[in-house]
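*Asks:* With the hints as constraints, model all of the structure from the sequences given.
Heads up: the protein sequence lines correspond to chains S and C, in order. Letter by letter, the first sequence follows residues 1 to 324 of our numbering. Letter by letter, the second sequence follows residues 1001 to 1258 of our numbering.
These are computed hints drawn from the structure, not numbers from a lab. By construction, the Cβ of each residue, glycine as well, lies at the ideal position given by its N, Cα and C atoms. Hints are not guaranteed to be accurate.
To be verified - Computed list of lysine to aspartate or glutamate pairs in EDC-like fashion (alpha-carbon distance at most 20 angstroms, straight line):
1) Lys1113(C) - Glu217(S)
2) Lys1095(C) - Glu204(S)
3) Lys1095(C) - Asp1074(C)
Stated by the list, open to error - Label pairs and their calculated CB-CB ranges:
4) Arg115(S) - Asp1247(C): 45 to 53 angstroms
5) Ala1179(C) - Phe44(S): 50 to 58 angstroms
6) Ser229(S) - Arg1243(C): 39 to 47 angstroms
7) Phe110(S) - Glu1224(C): 35 to 43 angstroms
8) Glu1224(C) - Gly32(S): 57 to 65 angstroms
9) Ile310(S) - Lys1118(C): 33 to 41 angstroms
Stated by the list, open to error - Over 10 angstroms on every C-beta distance to chain S, these chain C residues come out as not near it, computed from the model:
10) Thr1009
11) Asp1011
12) His1020
13) Gly1072
14) Ala1079
15) Arg1086
16) Glu1120
17) Asp1121
18) Gly1122
19) Thr1185
20) Glu1224
21) Asp1247
22) Arg1256
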Amino acid sequence: MSNDVAPKRLKLRSKPSRTADKVFFAVAKAAGYSSFVLVAAILFFLMLRAWPAFESQGVVNFIFGAGWNSTTDPQIFHLGPMLYGSLLIAAIGVAFAVPMAISISYFISFLAPERVAKIATVIVDLLAAIPSIVIGLWGLGVFSPVAAEWGRMLSEALGFIPIFSNAVDIFLRSPFIASLVIAVMIVPIIASITREIFSQMDQEIIKGAMALGGTRESIFRKVILPTASGGIVGGVLLALGRAMGETVAIFFVLNLTFDDFNWFKILEPSGGAVASLVLARFNEALDTELSALLAAGVVLFVVTLIVNTIASYIVAKAQPWRKL
Amino acid sequence: MSNLNHLETKDINVWFGERHVLRDVSLQFQNNHVTALIGPSGCGKSTFIRTLNRMHELIPTAGLSGQVLLNGEDIYAQAVDPVNVRINIGMVFQKPNPFPTMTIRENILSGLKLSGRKIEDGDGLVETSLQRASMWNEVKDRLSEPALSLSGGQQQRLCIARSLAMDPNVLLMDEPCSALDPGSTRRIEETILELKENMTIVIVTHNMQQAQRVSDSTAFFLSENGNPGEVVEFDTTENVFKRPKDDRTNEYVNGRFG
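*Replies:* Have a look at this one:
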């Protein structure tokens, strides 16, 4: 028996052979690639229209400078306070929303009787479906006066800490209120994702922790939360996207200040939000300002992208076991 | 070595909702003995082993009557904290369940952390626990690797080591080898025989050969025609397998049903 002749290899098919499979493949492929094309196209055409603003203001000034005025000569369109405001409000909103959302999910997944859990799940999901204009109206008409009182109480109790000080004695339309409204909008997003993660927890692992003498509290902190953290951060990311892009609800409850940065005085009626700026100015905007608003859109788009990238990097770093 | 590892049950009855699943189970688990619980699926042996460390009551519809005495003290007495019971009576489950977010070392120390106890000599405890589970040499150079990087059999022995780190009086094992290959099974059986020098072990098993290899006493559980499960026979393993008194035991251990 000679081994010199290599055995003839069969022709293997990795590609679909049936017509239906081929069509299905093509459709899925097209849909998949079209998402890349869409994102690129949106960015490209936005850039095209936004370019004059970047050119006249200078990219660095446009992004980091302060002031927005179409009546001066030359016109000033600097996004800094709005951009910083967007980030500030999103950050505070997430800080309020995350503990709330995790508590809700823990209750639904581990504590509530089945019936209550079912009803609570529906209600939380319903909350996520409320249109932001409705939240905005509620925020303006119902919530703002109440939250302004909370702000006043906070300021009276803790006013010696700079972030709670208020020099103007007006507590309406502050970043604090805007963050709370944002928190209401993102709690259901984070809660429903967290609940999903909790419900997929391996019960055997929780039993193992119980059998080692774990208490509800220690098991939650040392076993459940670390296991779920990646998913929770994923939920927070989605929520951040909504918080950064939220337009109408913030527009109703926040006083936009174009000329100055409000770095940290969250109880004062002065703040910013990129998307709300666009809403506020779009109707009257001509030529250059229109271009500047589109440029603001580009910046918001890119910043959201950066925030998401950083966060997913953190998620990947924080969970080496996921690679196994 | 302390000889205070005596566990016994008196008239244990178990319900799930209205369904009576175990009737009048009274067994003595002797010091430094391995006791096997055998019987067909659904006979209540896994339910029974869960009453021994109060894991049973975590099921919402669970009901119980009777006593479980560890060294004479009822673990279901009003003043007893279930958490302390589970610290003294360790448990190893059917499926290896190491904590996926923790390293090998962290898994060993997890019981102390979960029960809020101080870790005095962490390195020493990790080493002795892994040695008692006879896997120290395999993993001593990779203690900071994730627990899930271990094979299934190693994961199960890690879970045993994790329980041993709590220095329990009693170790409960609920079909610890049913998800493992023969090689891993043999190693765990060897570990069981070493461990019984210092503790009392109760093991649920479907494997007749395993019961004969590792146990000193055997209890045969049976639930007939939808009646609650009962102990048909409880004796030395040799008697149960070689000279069963009850016909049903005889048929079961010789593989005629179940």
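*Asks:* Is the nearest CB of chain S more than 10 angstroms from the CB of Thr1185(C)?
*Replies:* Check passes; 19 angstroms lies beyond 10 angstroms.
*Asks:* Determine whether the Cβ-Cβ distance between Glu1224(C) and Gly32(S) falls within the hinted range of 57 to 65 angstroms.
*Replies:* Check passed, 59 angstroms falls within 57 to 65 angstroms.
*Asks:* Is it correct that the beta-carbon of Asp1011(C) has no partner in chain S closer than or equal to 10 angstroms?
*Replies:* Its Cβ never comes within 10 angstroms of chain S, the nearest being 24 angstroms, so this holds.
*Asks:* Closest CB-CB distance from His1020(C) to chain S, is it above 10 angstroms?
*Replies:* 23 angstroms, holds
*Asks:* Taking the closest pair, is the beta carbon of Gly1072(C) still more than 10 angstroms from chain S?
*Replies:* 21 angstroms, holds
*Asks:* Hint says 50 to 58 angstroms; check whether the CB-CB distance for Ala1179(C) and Phe44(S) agrees.
*Replies:* For Ala1179(C) and Phe44(S) the Cβ distance comes to about 55 angstroms; the hint holds.
*Asks:* CA of Lys1113(C) to CA of Glu217(S), is that 20 angstroms or under?
*Replies:* The given pair, whose Cα atoms are some 12 angstroms apart, holds under the 20 angstroms limit.
*Asks:* A cut-off of 10 angstroms on Cβ-Cβ distance, and Glu1224(C) was said to be off the interface with chain S. Does that hold?
*Replies:* 29 angstroms, holds
*Asks:* Any Cβ of chain S at or closer than 10 angstroms to Glu1120(C), or is the non-interface label fine?
*Replies:* Nearest chain S Cβ is 17 angstroms from Glu1120(C), so the label holds.
*Asks:* Between Lys1095(C) and Asp1074(C), is the straight-line Cα distance small enough, at 20 angstroms or below?
*Replies:* Given that 20 angstroms is the threshold and the Cα spacing comes to 29 angstroms, the pair is violated.
*Asks:* Please settle this one: Arg1086(C) was flagged as non-interface, so is its CB more than 10 angstroms from every CB on chain S?
*Replies:* Contrary to the label, Arg1086(C) does not stay out of reach of chain S, its closest Cβ about 5 angstroms off (not over 10 angstroms).
*Asks:* Can you let me know if the beta-carbon spacing of Ser229(S) and Arg1243(C) is within 39 to 47 angstroms?
*Replies:* With a Cβ separation near 57 angstroms, Ser229(S) and Arg1243(C) fall outside 39 to 47 angstroms, so the hint is violated.
Against the hints set out earlier in the document, violations occur for numbers 3, 6 and 15.
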